[in-house]
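Protein chains: 2
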Amino acid sequence: MGKSKKTGNSRVGASSVKPSTNARPSGEGNDSDVGWRRRVVIEGVRPEVDGGRFPIKRVVGQLVVVEADVFADGHDEIAGVIRYRHERKHDWTDMALIHVENDHWRASFEVQEQGIYYYTVTAWIDHFRSWQRDMRKRVAAEQDVTMDLQIGRELIKAAAIRADGKDAERLNAIAAAMDDEDRERTLKTVLGQTLTDLMSPHVDRQLSTTYDKELIVVVDRVRAGFGAWYEAFPRSFATEPGRHGTFRNCETRLSYIAEMGFDVLYLPPIHPIGRTFRKGKNNNPEGKLDSVGSPWAIGTSEGGHTAIHPDLGTPEDFRRLIRKAHEQGLEIALDLAFQCSPDHPYVKQHPEWFVQRPDGTIQYAENPPKKYQDIYPLNFESDQWTALWLELKEVVVHWIDQGVRIFRVDNPHTKPFAFWEWLIAEVKREHPDVLFLSEAFTRPKVMYRLAKLGFTQSYTYFAWRQTKSELIEYFTELTKPDVREFFRPNLWPNTPDILTEQLQHGGRATFLSRFILAATLGANYGIYGPAFELMESRPQKPGSEEYLDSEKYEIRTWELDRPDSLRQLICLVNRIRHENPAFQNDLSLMFHHVDNDELIAYSRHSTNGENVVLMVVNLSPHYVHSGWVQLDLDALRIPTDKPFQVVDLLTEAYYTWEGPRNYVQLDPSSVPAHMFLIRRNIRTEHEFDYFM
Amino acid sequence: MGKSKKTGNSRVGASSVKPSTNARPSGEGNDSDVGWRRRVVIEGVRPEVDGGRFPIKRVVGQLVVVEADVFADGHDEIAGVIRYRHERKHDWTDMALIHVENDHWRASFEVQEQGIYYYTVTAWIDHFRSWQRDMRKRVAAEQDVTMDLQIGRELIKAAAIRADGKDAERLNAIAAAMDDEDRERTLKTVLGQTLTDLMSPHVDRQLSTTYDKELIVVVDRVRAGFGAWYEAFPRSFATEPGRHGTFRNCETRLSYIAEMGFDVLYLPPIHPIGRTFRKGKNNNPEGKLDSVGSPWAIGTSEGGHTAIHPDLGTPEDFRRLIRKAHEQGLEIALDLAFQCSPDHPYVKQHPEWFVQRPDGTIQYAENPPKKYQDIYPLNFESDQWTALWLELKEVVVHWIDQGVRIFRVDNPHTKPFAFWEWLIAEVKREHPDVLFLSEAFTRPKVMYRLAKLGFTQSYTYFAWRQTKSELIEYFTELTKPDVREFFRPNLWPNTPDILTEQLQHGGRATFLSRFILAATLGANYGIYGPAFELMESRPQKPGSEEYLDSEKYEIRTWELDRPDSLRQLICLVNRIRHENPAFQNDLSLMFHHVDNDELIAYSRHSTNGENVVLMVVNLSPHYVHSGWVQLDLDALRIPTDKPFQVVDLLTEAYYTWEGPRNYVQLDPSSVPAHMFLIRRNIRTEHEFDYFM
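The listed protein sequences derive, respectively, from chains A and B.
For the first sequence, this note's numbering assigns the number 1 to the initial residue and increments by one for each residue that follows.
For the second sequence, this note's numbering assigns the number 1001 to the initial residue and increments by one for each residue that follows.
In short, the hints are calculated from the structure, not lab data.
Where hints are given, some of them may not hold.
With a straight-line Cα cutoff of 30 Å, these simulated DSBU-like cross-link-like pairs (lysine-lysine) come out [to be verified]: (1) B:K1552 - B:K1281; (2) B:K1370 - A:K157; (3) A:K157 - B:K1371; (4) B:K1188 - A:K370; (5) A:K281 - B:K1137; (6) A:K137 - B:K1371.
Just so you have them, the derived chain B footprint on chain A, three or more residues with Cβ under 8 Å [to be verified]: (7) 139-151; (8) 347-361.
All C-beta atoms, glycine included, are put in the ideal place defined by N, C-alpha and C.
Isolated chain A, as found in the complex (with noise of 0.2 Å):
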């Protein structure tokens, strides 16, 4: 890299007494003269994030569209391509970019498999096509061409030399019928487009310019894009109540998870749990050693990050699980928290991983004046953070080869971003099918800069943002281009840590509505139950975001079968997410104007364009609201001179629109919200069979 520091910048400064290797343009070879001669100029090249510091990011079946500025001095014709390979594949495979306005040009590529692709561009004089296009002119203006046949036919001679076979024979055949006395014929011949496709791959690409950076994507499998999570905690899954929890007993839990339409079911850490100083009910420091305590005080002399937590059962019942809840369509996705509890067998094996005071003891985790004495944080600038980097490695593999594909992470904002760079590299060069979920709920730069550096979704703010205002603002930024390319938001109106004021306030209407909202702002989300669907509500004390009686600290009881549960609607919000490919991707978000800020409407669309939803909520749970929606019928490709029909999928009710304004009425004591499908063209007489 150090090559790399004046990237660029040596012209300005440099010597020369003749055009030399010293200073030289950019998009240039090794070859000295040729990067001077090179004319076609590749810049603004797009997608790329940070200028090709870090890959975009696609599932399996995407489209990459690829746009440049191309161009030349003077006046000569230009022609270029995309190219774009699989990191298996050695050959490029190239695509034609097309001239959208203004010297931008357009391809794009789908990735049809798992891994890193590469990207760049490749662009260059056509002086074949100048020729025509200056042919023409004269021809037009009926000037006598004989010398401009002669220029073409010494440019197809030539390029019939840089091919070979039949298209040479071809190009020899048509540069000696130009000695031909018919002039028409002649002309037809070499203005026409059969000569100009023959041409084109024999263009002199020698002084062509290639953008100077490879650009990466990173295509995940398709439920990197897609899903929908839910947490629970293992231990509270008994079915005797009080009693501590088994994968056994998840067994009989997967059905209950999976009929509701859940794709991933997350579980909090799954360790021994350390007693040293462990935490008791609702986060009371003086924890009885009867108490269950914190998932997340990992480590006993029993073992750490890779040992499994002897209540909840053995390394067999967790593979059998993870079977299990494949065949219910479920994947099971394991919490990695990188920190100890002071019992962890790491404290004791590698005291150098950890911070030690000057007592000889070792720090325990702080923010002052805060302690948390049943952890304790590793220690990243260890001397020994080689040895520390590779053994966590070790225990990702681990779980990898128990048959966990999916992560989610504790808190990455507090260990290196090199460490993850690292980690996440090193795992997905070997699984490519490993997804990481970064749960950094810390100031957004960081946030942005876990998700670059690799993480394939990452949690958002999405739970504290409530107003229609707040919500438009946070969502446009998050799918400004910028920003999409690298960074998939996983939506949680709530998690064992978030308990938001306005879920304690709210009831059902509340919950309702932040559950469609999660369910329909992303493509992937997730909650944190049974808590959610039976709307529990109550905070450890007034002004805390805590749950009282928090599963972090206590097993607690489900009475799953209550009457009230949102289950129902969840399985109706979750099949509709599943039928319509609109709610699959986070690249069509797009907010329509509702003349009342209590209603919240946004449309989404599938790749292909043909799936078309059309969201309103009303976000008050008080009171019913209505207001007029004014839709952009231009982006959601809805004629604008006849009737639509839009279906409620919730309710499978029926409505006739017409034009850009329509009126919606929505009742918080019933359903807080629409979610219509558009259909395009309403049957008509014309439709009948028997019209003509």
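Starting from the known structure of chain A, fit chain B onto it as the hints suggest.
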């Protein structure tokens, strides 16, 4: 450059069984371990043009305000600097970064010398300041800090080892005194600013992160950033009508131009003019041999680009003109038009520098179906391109040796970008005071590229931006942060090629408003005279933007003392520009709302904010217009709670205004503009000498 092809990308695809030198984050040094251990991230550095590929521009005495996003994992305190140096200095100067908000930091430096400056950003974790911060919280919470004081002492002792001399002594003394039993005094010392300041220079910067680019500033002399140009044909300067003007005649005209307040006198090509296919009056292709021809058809057997037209005078006459102009505060700018007449010596000496047609003749310039047989373009794709480039550089050096320091470059967009980038860098390396103005009336991305690669200033679309919305849109584009760093507009209401239809039909009021707009929307502007101040407005034919009886093809005689000449107003406006620093930079332009689409209002201010001007221009040549200007008082730093004065510098009329909304009325039959100086503080009784 081959090395940098995958700059920054290697991590994703990297293979390593341990953190290795093959896969390393940016910002590292050569030490294989250190790169991975750097915890601070530096990104979003501004200003930066195309990822550092191109320099930013400044003139001597201006500030470079550098901003960056700087952050790390966790909660440690961060410190950093921008580092800068002039190319001739080896050592960097540091300026401390100040945190603005949201991980965004800023620092600035003044460029004091012509030439090239480099700048970059370095930042690091400051463990001592983290410790101080936590310590304050612990003390406030009345916790036992015995252990923490020991940790702090170790930090101070470690800094003492890195320090030397007095600082080391003082730090050791403080560390020793911490054993003191006077806890309160110890805390006062270790938490005090004195110790913070003493520790800062000795922080452990071994793991600091340095931004991986050294960015570049090209610093020009002041004239690059502020000047008024006057273009005139010297052959029309004869005192006797019809005679061919000489450089000696020019000398007598210098005071006429200098008294109007211009800074640069730009002369079209002064070289021998070709005879073959010489154009006659009004671009008549059947030019008679006695016609004077176009100065842009350069070269005869008497010489080419380094020769002087014999009718203009001798090289000594030219050097004398430069000296005489200088005595009047005027610089002479020459035209660089790299093209040849068929009679140019190059055609015989270097036929290889031109395109040869199949019949052995040389290809003349064309824009099919138009032919320009009096011009042979140089062939930059020639195999002998290096000799051509070196020769063209010699042309520039020749005129520099005669005393020329400003060049207006004719149609640079028809020669390769790489040529200009090389030529300008080559010339400025030896002669950093040389300025180049790009005459590229072409597509925006091409114009921007030329500016990026080194042109000091650029012609613009100003002549064709005439309505209020056009002007606001265009100048908002030109002054946005990404553009203004590299693009210095030079605004021309007319040129010998451009007599806009607006000027043809708008009469005196339009000449006045266009002049005032040019002179006040940008720091650099120019007019083609005496056509402009004498309001020459007859086109060659209806619908054409060519002047009738254009000086490009004939000698004109101008009646400079005509009573309706605009010279008095031009003189006044140029004086106001010189007296008010607000007009002397392009960074502060801001539009203000007026409730009348024929009135445009904009403000500018000096770099220090002291000198503030407000322009209001009536764009209609026909009608008196009035309206209410809505000022952004905050941006103008005008107090909102008391009146302020605006003084029209054109008329010396005083107005007392109050609040953001103020009335204006402009009559195009007198002067269609206000040039207000804003006086923020009006004297009141409190300022009266005897008030107290």
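For this session: Quick one: which hint numbers does this structure break? Sort them smallest to largest.
Result: none
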